[in-house]
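Undergrad: As a plain string of letters, each chain reads:
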Amino acid sequence: AQSVTQLGSHVSVSEGALVLLRCNYSSSVPPYLFWYVQYPNQGLQLLLKYTTGATLVKGINGFEAEFKKSETSFHLTKPSAHMSDAAEYFCAVTEGAGTALIFGKGTTLSVSS
Amino acid sequence: KAGVTQTPRYLIKTRGQQVTLSCSPISGHRSVSWYQQTPGQGLQFLFEYFSETQRNKGNFPGRFSGRQFSNSRSEMNVSTLELGDSALYLCASSDGTELYNSPLHFGNGTRLTVT
Chain A
10 AQSVTQLGSH VSVSEGALVL LRCNYSSSVP PYLFWYVQYP NQGLQLLLKY TTGATLVKGI
70 NGFEAEFKKS ETSFHLTKPS AHMSDAAEYF CAVTEGAGTA LIFGKGTTLS VSS
Chain B
1373 KAGVTQTPRY LIKTRGQQVT LSCSPISGHR SVSWYQQTPG QGLQFLFEYF SETQRNKGNF
1433 PGRFSGRQFS NSRSEMNVST LELGDSALYL CASSDGTELY NSPLHFGNGT RLTVT
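Going line by line, the protein sequences match chains A and B. For the first sequence, my numbering begins at 10 and goes up steadily by one. For the second sequence, my numbering begins at 1373 and goes up steadily by one.
Keep in mind the hints are simulated off the structure, nothing from the lab. It is possible that part of the hints are untrue.
[As the list claims (entries may be wrong)] Residues from chain B that face chain A, not an exhaustive set, calculated with beta carbons under 7 Å:
hint	residue
1	G1414
2	L1415
3	E1420
4	N1428
5	F1432
6	G1434
7	F1441
8	L1471
9	G1479
10	N1480
11	G1481
12	L1484
All residues carry an ideal CB built from backbone N, CA and C; glycine is no exception.
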């Protein structure tokens, strides 16, 4: 069965610092991976997705993620944090023609000035 | 295009009652999925409808049901409410092809509180 593990339920950074949110997946077949962001009292917004091809994926708002098959990881990074990045971030996986996402527990990102 | 619209935004119900939540997908989207979000269990898939047929179902009891209409609008029903059903219920739509081609677009959710 598929699963997604997000290490660290809460990450705190200073404005301008590097953001690193960790995600590891467990899948018996090549996965399709996603990162979503959720702001307070809102739904989820897609940041980026990995399907096939280039392992470094660029998303919106300056975020990117790298798919590493050998490490079964898909960590999310941003070179310089902004106050507006404070939100909850979810890593998710699906397989093949699947129509359901399996989500990690989420990581809350706090950004201080 | 208008986004995914969920109504109502907030609901308060009593144990034992039933509730119906509504979702209007993005125009042109034929697939509607429902997810439950709680602090303890996180985001969990409930079910997915495509062209008025349930195409996929998560691991939830039969008290949770849904349907989709010919205009792709969807409703979700929970009968005999329990305290543990208190959650944010999120609806998401897509064009119905594989998620790697057509990712989900989420609504802002309905916050259900069961007392």
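Undergrad: Next, verify each hint and record whether it holds.
TA: Structure-based check of each hint:
1. A least Cβ separation of about 5 Å between B/G1414 and chain A falls short of the 7 Å threshold, and the interface hint therefore holds.
2. Proximity of B/L1415 to chain A holds as hinted, the smallest CB-CB distance being about 4 Å (cut-off 7 Å).
3. Because the smallest distance between the Cβ of B/E1420 and any Cβ of chain A comes to about 5 Å, under 7 Å, the interface hint for this residue holds.
4. For B/N1428, the shortest C-beta to C-beta distance to chain A is roughly 5 Å, which falls under 7 Å, so the interface hint holds.
5. For the restraint placing B/F1432 at the interface with chain A, the shortest Cβ-Cβ distance is roughly 12 Å, beyond the 7 Å limit, so the hint is violated.
6. Look at B/G1434: its Cβ only gets to about 18 Å from chain A, farther than 7 Å, so that hint breaks.
7. Because the smallest distance between the Cβ of B/F1441 and any Cβ of chain A comes to about 19 Å, over 7 Å, the interface hint for this residue is violated.
8. A hinted interface residue such as B/L1471 counts as satisfied when its beta carbon comes closer than 7 Å to some beta carbon of chain A; here the least separation is about 5 Å, so the hint holds.
9. With its C-beta approaching chain A no nearer than about 5 Å, B/G1479 sits inside the 7 Å limit, and its interface hint holds.
10. Because the beta carbon of B/N1480 sits about 5 Å from the nearest beta carbon in chain A, less than 7 Å, this interface hint is met.
11. At its closest, the beta carbon of B/G1481 sits 6 Å from a beta carbon of chain A; the interface hint therefore holds under the 7 Å criterion.
12. The restraint placing B/L1484 at the interface with chain A is violated, with a minimum CB-CB distance near 14 Å, outside the 7 Å limit.
Checked against the numbered hints listed earlier, the structure breaks hints 5, 6, 7 and 12; every other hint is satisfied.
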